[in-house]
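Asks: What follows is the residue order along each chain.
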Amino acid sequence: MSVAPKREDYDVVVIGAGPAGLAAAATSAEAGLSTLLLDENAGPGGQVFRAISSTPVTDRSQLGADYWVGAELVQSLRASTAEVIHRATVWSLDRNLDIAVSIGGASAFVKAKRVILATGALERPFAIPGWTLPGVMTAGAAQTMLKSSGLVPDGRTAIAGQGPLLWLLAAQILRLGGRIDRILDTTERGNYLAALPHAFAFLTSPYFTKGLSMMREVKAKVEVVSGVTELAAAGEGQLAGVSYVAGGKRETIAVDLLLLHQGVVPNVNLAMSAGIEHRWDDLQLCWSPVLDANGSSSVAGIAIAGDGAGIGGANAAVVRGRIAARAAVEALAPAAAAKLPALATLRRDLAKAERGRVFLDTLFRPAPQFRIPSGDTIVCRCEEVTANDVLESVAIGATGPNQLKAYRRTGMGPCQGRLCGLTVTELMAQARGKTPQEIGYYRLRAPVKPITLAELAAVPKTEEDVKAVVRG
Amino acid sequence: MTTNVDAIVIGGGIHGCSTTLHLCLAGLKPVLIEKDYAGRHASGVNAGGVRQLARHIPEIPLSIRSMGIWEKINDLLDDDCSFESHGQVLVAENEEELAVCRARVAELNALGFTHEELIDASELRRLVPAVAETCPGGVVSRRDGAANPAQTTTAFRRKAEQLGATVREGVAAGNIRYSDGLWHVDVGSDSYAAPVLVNAAGAWAGKIAAALGEPVPVETVAPMLMITSRVPHFIDPVVILRGRKLSFKQFKNGTVLIGGGHLATSYQDRNETVLDWKSLAISARTVFELFPVMRGATIVRAWAGIEAKMKDDIPVFGPSSRHKGLYHQFGFSLHGFQLGPGAGAVMAELIVNGGTQTRISDLGIERFHRSAAR
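Keeping their order, the protein sequence lines are chains D and U.
Numbering-wise (UniProt numbering), the first sequence opens with residue 1 and increments by one.
Numbering-wise (UniProt numbering), the second sequence opens with residue 1 and increments by one.
Here chain U stands alone, though its shape is the one from the complex (with noise of 0.2 Å):
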């Protein structure tokens, strides 16, 4: 049978749970299909980070919508979603690093974007007063922050059943066709139309986009992360390295978040990855190195989410360049977590007006298809 609604979002990520209720406050009927759960994959593993500290140029606009909206998060979902504002740190090891974030912080500020800060060793040694005596300065960013992924995507998912989208979960969205001005896909027996689809799936997306004749270069990774044991409070900021692969985030609950990018061997098909643990003892040495307090914590869990990343490490946001009513949000590239909030007001307003005060003009998919075009 087939039913007719507003929009079908692939994919039950933060990013097709924020498009799907964004789509539902303006009014529209969404459906929402995610082969597993919502929040199954990156989106409710990753890191948690709420940053926009250290990002790439063109989606810093768009990195700063979704940081207001993230300031407000409990009246948008009735959730908090564990949302902390403690500010996000860039440290750097060296004289060569700060200058590095000199230029950076520089560059930054001719554009007119004021959010990062470049601060001096006693200013870092404030803010992180556990970092090894030897770093000389980073930046900072002081409304960043970090959020409980899981509980942050789950809450968009049911904020959006609430009003009034369809949640389809563990069966796949098949059949993907165009045909008479709508959308169909199936998900099992059922089948759903649309004159809007919406491709949010994530590290599945790619083969969809392919699928649909828009090949991108894309590649399914899956970043590794570890949690330790209860360790007394020492650090709000999240802070990250400017030289080495190492995030680094203390919950309220004394538990420690280490990443950094070390990526496991992902297993798509299987849903499964292998971590490579020679790469997560690289981090641990260097939060043995940075921060002697860590030095007796232990290592309860380590894991990894699979996702999207692009070849230039910027997703794919934005209407498609060949299909009328097809929009593509995927391949954020182990960054794309605090943008989902808005992300998903922006493809809001795509859909629904056509057009978006933020800029989002080089995240399009045509970027990948400006010689074939010609």
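Looking at chain D on its own, in the form it has when it is part of the complex (with noise of 0.2 Å):
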């Protein structure tokens, strides 16, 4: 049964439960601060710690040390007084820190004195030609079913692209008894040279090994074929084989899977939606938003934390949490914050966790060609829309992503532009010899996730709503 928040007002309201959500809101909480965990999902956890409270593998080595940390932070908030929901989507937060949120199908509104927004992260948008093919699918998606519910592709199964999380992946999928046939790596060769001068940092920072034995751990069981240029799926109406170049030279394999990933970014649609400001990072190419070091954002009230500020993983997630939380005990209960952690130790931990951090954007970061469709690749899904679609519409006029809306009707669907918004940006960029910052993002506005007619028309009346009644 769902349960609606027991307040109008918190002073706290946190949004996401992973790694930042968990820690923000336990350390509000401890600190006596009334606090809202809201969470869209079944249980505790975001992508990181997904089903950490119900998940049904219970050897620990398959999923690793790593990802069981989450049960800790779930059990301090548990202890805490938070007040927690899940299933909660938020689907409306504004400059008055006002939240709409749907639980069980009926929708609640919340006002908060400080808003911690901890969404994480989404897969970047990997459009080659065939990527709408049933039988494609974003190894994020595999690995929700695989920590969810321990499902593992039995059969013709490749991996394609790069970063840490594919060959994180790929070592779950591994230990679970699943099937790989064979990883497509496309991490380009120059980058491996223009990682070195970051290296240092990375070799004494706790990925490293972890990273190192888990490449090898896979690399022993599966063909990895490294220095992909050129990759697409094929098949009529669903998936039959995956074609790829490397070394120049060109092969198709059959396959009944294909499972595609080229790093996270940012999840920016409520943090965009409720009007603060976001500029392209150039390094990790995509839009983070303006911060403090407290992870205050350009609207007052509003922190931000975990992967939404920034991709940094799962160990800076907590601290970031922990560093929003803070500040938000300080501007509401001072003589509480002095319980915390220093602020000074927090940096710290933060500076630690996020060590090595630039020497995996510089190694993982994608190249043009798996960024920046061409002809007839797919772009927009919910539209329909390709590459082709989208120069054309730039050569009669359209000069941004908010534009071609108009033209295109692209990231007017359902999925509000995560599958398309960076892809959109960069190509335009491109076309107009912009740069990213220049080109802009889409508007985004609320409903960020769809709600019911039938729900929204279920709100409780306003006075305004009952004299009209009166008076109909």
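Hints listed in this document are in silico derivations from the structure and should not be mistaken for laboratory results.
Any given hint might turn out to be false.
Not everything, but these chain U residues come out facing chain D in the computed CB check (under 7 Å) [what the hints assert, rightly or not]:
id, residue
1, Q151
2, R158
3, E272
4, V274
5, A284
6, R285
7, R295
8, V300
Don't be surprised by glycine CBs; every beta carbon is placed ideally from N, CA and C.
Join the two chains into one complex using the hints; note that each chain is given alone, in its own frame.
Replies: See the structure below:
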């Protein structure tokens, strides 16, 4: 059964129960602030710790020690007074800190003195020819099935792309007895050289040894093709094969499942719809919110923690969550802040957690041809708009993503730009010889997740409405 | 550097773009100055209603003039603007409302206007089969319809540019002044000079008028709209209600636009609006009651565009009452989109010929300054 929020006003509302949200909500509640944690999933954990309280996978080594760190976070949250509501979809947040949330088919409105957004990351769009075919899915979706239900691929499977999560997923699939026929690594050869100057920091980061052993573990069992420069999924109404070029040589293999992944980017929809300023991040190639050292955004009272603040990984997310919550406590109950870990300590923790990030960002910077599609490749799957369609619109006067809506309806479908936004920005920037920052992004509006008309219609009546009925 | 042109148009909404285009058609070289981009505000994000129905009487002649252009919009712009003409229907939900409709149609007929037609329950049901059984009738304007507002505004802008207009987007018009018989306007480090200045700056036009000594009672508003996921086709005409704030339109792709004039809070200086979901819930409830077929649809997005609303709900249109060469074209008060094509044509006639056959005499800015003039 679904439970509506107990109050209309809270000191702190945290949105998202991944590592950042769990840490933020626990910190805020422990300091005595009335705290509400709203989360879209069935249980705590976000994507990194998905199904941490319910996963059927019991052998701890299969999901890795890092996964089970989540259990401790959940424990400290549960020990606090924070009110936690799962299956709660926040569909509107504005600069007045008014929040609309859908819980069990009914919407409630709450108001916060402080909001901490911990909505995490999304997988970067990976628009190759055929990426919309049934049988092609994102690595993240595969990982969700794996963590929640212990499901792993058993047909002919290829994984294509790059990034730490790709190797983690591959290792998890193999440990659970799943099948991977080939890994097509799209990391650009030049990236190794570019990343070299940052290698020292990485060598001393916790990612290094773990990452290396994971790659070794996977490479021992699966054929890995590196230096893939072209990639296309093919099939008639259903994926039949994937063809690729590596070292100048084209090859096609028959597969039933193709998992795509080229890193994650901040999930900006709720933050942008609240009017928070974002800037193009030239290293991570995505939009990141403009934040101060405490995670406070350009909208007074809203802070962002976790990967939504810029990709930093789970360890950094936890610390950023604590820092944002600490700032809220400082503002609302300064006396209680004294009992929390000192800011200097948290900053030190963050620096440690972020060590090696630049190396990863540089090494796993996706190649242009996988970010900026061409020809008939679909860019916007909601409206079936191709790269050529976008270029044609640019030629007749579309200057940015918002103008493009008028020509092609890109970003106006149910995904609200999540699957096409970055592609459209970069494609238009390239076509117009501008920077992505100059080209901009879709203006995002609530509801950031669709709600039914019936649900909105059931929202409690206002006085004006009562009068209208009397008159009518 | 100062560039001499024939006319300076401030504001890249449908009105500024249309006037710029019509000036080009008359052989002039205008410059259009838009602080954001054409169609950024109300002109690009309104409900797209192409409506003669239920208009204030003083603007009906302009609306009729405009309708003629809409019906040949493709010839003018080489763009169909997604204009479709399935009529617009005003629904009376009870006998009392129907009586008001009857009186209105009679009044229009007496004035010689025939575009509004009273309909009974069976004709209403024929036009809008999905409407609730209890509605006794309404009014239809059969030539009305809807278009895609962003596409339309963009098409006007594009065509104007093709015909020789200079379009300056992304920089606000500044330092507006009159000297030696010319209007001067700065755009960043550039300046333009022209004998003619058109103030079509929408929500920002009131400030310009006031700075030029013609203050008018205008406020900035942001009417909200929301759009649903695709639902099976069930309605052709645009539907508006007589008694409640609702307008309703299904697009060819199945999505349904729900509007009606509930207002968001606008932060004009930031180009930003904050939606009022409790008001949108009222619209949702009205749709829920009137169109059971919509109950399972999902709301995909809601938004609001910033625009100017006059105290008397009638636009300010025509020459300045104080300055030579200055023309006003703003304050369309939530119903300016349909007027755009015609208003641009008439404005060009005023500028080029010094007069027009279209009756606009009740729309002038002098209506706010009569007592002062005495």
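Asks: Work down the list of hints and note, for each, if the structure agrees.
Replies: Status of each hint after checking the structure:
Because the closest C-beta pair between U/Q151 and chain D is about 5 Å apart, less than 7 Å, the hint holds. For U/R158, the suggested interface contact is upheld, since its CB lies about 5 Å from the closest CB of chain D, less than 7 Å. Among the interface hints, the one on U/E272 holds; its C-beta lies about 6 Å from the nearest C-beta in chain D, closer than the 7 Å criterion. Evaluation of the U/V274 hint against chain D yields a held restraint, the C-beta minimum of about 5 Å falling below 7 Å.
With 7 Å as the threshold, the beta carbon of U/A284 comes within range of chain D, its nearest partner Cβ sitting at about 4 Å, so the hint holds. Among the interface hints, the one on U/R285 holds; its C-beta lies about 4 Å from the nearest C-beta in chain D, closer than the 7 Å criterion. Because the beta carbon of U/R295 sits about 5 Å from the nearest beta carbon in chain D, less than 7 Å, this interface hint is met. Residue-level restraint check for U/V300 holds (minimum Cβ-Cβ distance to chain D is 5 Å; threshold 7 Å).
No hint from the list above goes unmet by this structure.
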